[in-house]
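Protein chains: 2
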Amino acid sequence: MSTETAQIQTYLAEQAALIEKELAGSLPSDWKVPAPLREAMMYSLLAGGKRLRPVMVLEAAKALGGDEKAALPVALAVEMIHTYSLIHDDLPAMDNDDYRRGKLTNHKVYGEAMAILAGDALLTHAFYSIVQAYRTHGVSAESVADIVEELSRLAGAHGMVGGQAADMEGEQGVTSLEQLEYIHYHKTSDLIVFSLKAGGRIASASKEQLAALERFGSNLGLAFQIQDDILDLVGDEQKLGKPVQSDVKQQKVTYPFFIGIEASQAKVEELTRQAKQAIIEASFPHPERLLQIADFLMRRDH
Amino acid sequence: MSTETAQIQTYLAEQAALIEKELAGSLPSDWKVPAPLREAMMYSLLAGGKRLRPVMVLEAAKALGGDEKAALPVALAVEMIHTYSLIHDDLPAMDNDDYRRGKLTNHKVYGEAMAILAGDALLTHAFYSIVQAYRTHGVSAESVADIVEELSRLAGAHGMVGGQAADMEGEQGVTSLEQLEYIHYHKTSDLIVFSLKAGGRIASASKEQLAALERFGSNLGLAFQIQDDILDLVGDEQKLGKPVQSDVKQQKVTYPFFIGIEASQAKVEELTRQAKQAIIEASFPHPERLLQIADFLMRRDH
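Line by line, the protein sequences give chains A and B.
Numbering that gives the first Met the number 0 puts the first residue of the first sequence at 0, with every later residue one more than the last.
Numbering that gives the first Met the number 0 puts the first residue of the second sequence at 0, with every later residue one more than the last.
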């Protein structure tokens, strides 16, 4: 591992720990919430992971010289959205998964009904969290309205949920690379694009800078998903925390299925290059960390 | 039926038709949404019903001399929330219902996975709709932030979803009237309170007027739910569109179970009186319609 890789890895782990701590306090303690619902929500919200999306919110704000603290409520919100989508995706009616990141899935612990409700509550609470950026962190109501609108678009029927619906249909057979890219863009890229642009909005990004963050996120999201597909084929089970070739066993059509592993690897590199180029061209005051994260994601082995 | 009852009934039917028409156009037609997801969302959103919650949004705004048009996006939003909650409640893991209002439930038509996603997408889209009040209807970004915050609180873990979670637990046995009231307040009143206060906010209600709308909605919501419990015991199957005593057959604990039918009827009347009193005392410029609706709901037979 190069020194730079080790440094960014340490940095990302520190950021993930900061986010984890804030997530733990994100549901007001004086709210009367039935105990099993609160437990089910926090079980999945605090289940670890890379915290990639909230990190993107914070790093986009910082790349523009913005205030990390002001961006924090939106960072928590996007992790709530990501977590709810995992809880619902794991349900028996959807992917029917018993484990995620080595832990039992939400419905295996709390039952299906509570898992559905925990997902609904996390999705709803994300919007509460966003408004706190205005209520207590000095972000303008106009910016918060823009961010709520964009999240509801990119996480909803037109975005992430649309991607999930297309993926469900696709189980009857994804027949083209275009169809697979539609699924990847909406299931993965949309929420990453939201994260980057929301961080940008909080730091008063210009239109050009928002467009650059969109290009960065869109390319990086697709690269991330193709990299996942590759790692599922050739990765190290221990590092991945799940059996390799599980996509193959589930007869899931992936990127390498269409163009092979080598061309898929080249595609990841090309998308990462394009992502970085967008940031470089838009003259951010502090672009370094975003560029390092892009490189790091391309080289990751789990 | 009295002339007044007939008049308010006609009026409410007209309002419901207006809302139905607006709901039909509420998902932007240029959005790329997978066809089965769009269909599943619209199937339940356009399945009829009293449209009580969106009517409350509009009537609260009008009682204050506010603009009905400006309140419309929020009226649509609350119906999206109500609809998503019905879709998820009907799922096999929850109430496992095959029919609602004489039509097959969402998962019976589109399958469980798509029903879960349609619910998620409607919940998400509600927040998109609210922002349109600011984007295209002249409502301030500050008001929209207040409304988004209140919806996320009253529809989430602390509100409607919390009530649903308590109801699920309660299936192992509701043992006190307090427990039943907690469920009723959160499953039903919270969204009615939200509707009234959001309409009030759009019409620049004072603090006192918002408090009056909250008391009106909270009392009316509980009255509405107790009335439902009574109708389930003694109502007319044809008018209800479902078999009477279905709660008894499902061994659901209801209000009359604790205090009897007559005391329950008296409670509905007392709650309605208190609801109306709140509005009368807060000197609304046009309180008549809200008061008529309260009386109408108390006397309804389905």
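Careful: at least some of the hints might be erroneous.
Copies of one chain are not kept apart here, so a pair can be met inside one copy or by any two copies together.
[As the list claims (entries may be wrong)] Here are the simulated lysine-lysine pairs, DSS-like style, with alpha carbons at most 25 Å apart:
1. K251 x K61
2. K266 x K107
3. K107 x K49
4. K266 x K68
5. K266 x K61
6. K61 x K31
7. K61 x K20
8. K31 x K49
9. K102 x K49
10. K206 x K251
11. K20 x K206
12. K20 x K251
13. K102 x K61
14. K107 x K61
15. K206 x K266
16. K102 x K251
17. K20 x K266
18. K31 x K251
19. K31 x K206
20. K68 x K49
21. K102 x K206
22. K49 x K20
Hint data in this document are derived by calculation from the structure and do not stem from the laboratory.
Evaluated hints:
Taking the shortest Cα distances, K251 and K61 never come within 25 Å of each other, neither inside one copy (38 Å) nor across copies (54 Å). In the homo-oligomer, the alpha carbons of K266 and K107 never lie at most 25 Å apart, since the shortest distance is 37 Å inside one protomer and 42 Å across protomers. Only within a single protomer do K107 and K49 lie at most 25 Å apart by alpha-carbon distance; the minimum there is 23 Å, versus 37 Å between protomers. Within a single copy, K266 and K68 get their C-alpha atoms no closer than 35 Å, and across copies no closer than 49 Å, so neither meets the 25 Å cut-off.
In the homo-oligomer, the alpha carbons of K266 and K61 never lie at most 25 Å apart, since the shortest distance is 28 Å inside one protomer and 57 Å across protomers. Proximity of K61 and K31 under a CA criterion of 25 Å is satisfied in neither setting, with 36 Å inside one chain copy and 33 Å between copies. Within a single copy, K61 and K20 get their C-alpha atoms as close as 20 Å, which meets the 25 Å cut-off; across copies the closest is 45 Å, which misses it. Taking identical chains as interchangeable, the C-alpha atoms of K31 and K49 are never at most 25 Å apart, the minima being 30 Å within one chain and 30 Å between chains.
Taking the shortest Cα distances, K102 and K49 sit within 25 Å of each other inside one copy (15 Å), while across copies they are farther apart (44 Å). Taking identical chains as interchangeable, the C-alpha atoms of K206 and K251 are never at most 25 Å apart, the minima being 38 Å within one chain and 56 Å between chains. In this homomeric assembly, K20 and K206 never come within 25 Å of each other (Cα to Cα): the closest approach is 33 Å inside a single copy and 36 Å across copies. Taking the closest pair of Cα atoms, K20 and K251 never come within 25 Å of each other, the shortest separation being 35 Å inside a single copy and 41 Å across copies.
Taking the shortest alpha-carbon separations for K102 and K61, neither the intra-copy value of 33 Å nor the inter-copy value of 52 Å comes in at or below 25 Å. In this assembly of identical chains, the alpha carbons of K107 and K61 never lie at most 25 Å apart, being 39 Å within a copy and 48 Å across copies at closest. Taking the shortest Cα distances, K206 and K266 never come within 25 Å of each other, neither inside one copy (28 Å) nor across copies (58 Å). Taking the shortest Cα distances, K102 and K251 sit within 25 Å of each other inside one copy (23 Å), while across copies they are farther apart (35 Å).
Within a single copy, K20 and K266 get their C-alpha atoms no closer than 36 Å, and across copies no closer than 47 Å, so neither meets the 25 Å cut-off. When the C-alpha separation of K31 and K251 is checked against a cutoff of 25 Å, the pair qualifies only between copies, where the shortest distance is 23 Å, while the shortest distance within a copy is 42 Å. When the C-alpha separation of K31 and K206 is checked against a cutoff of 25 Å, the pair qualifies only between copies, where the shortest distance is 24 Å, while the shortest distance within a copy is 42 Å. In this assembly of identical chains, K68 and K49 lie within 25 Å of each other by CA distance solely inside one copy; the values are 20 Å within and 45 Å between copies.
Taking the closest pair of Cα atoms, K102 and K206 never come within 25 Å of each other, the shortest separation being 42 Å inside a single copy and 47 Å across copies. Taking identical chains as interchangeable, the C-alpha atoms of K49 and K20 lie at most 25 Å apart only when both belong to the same chain, with a minimum of 14 Å there against 44 Å between chains.
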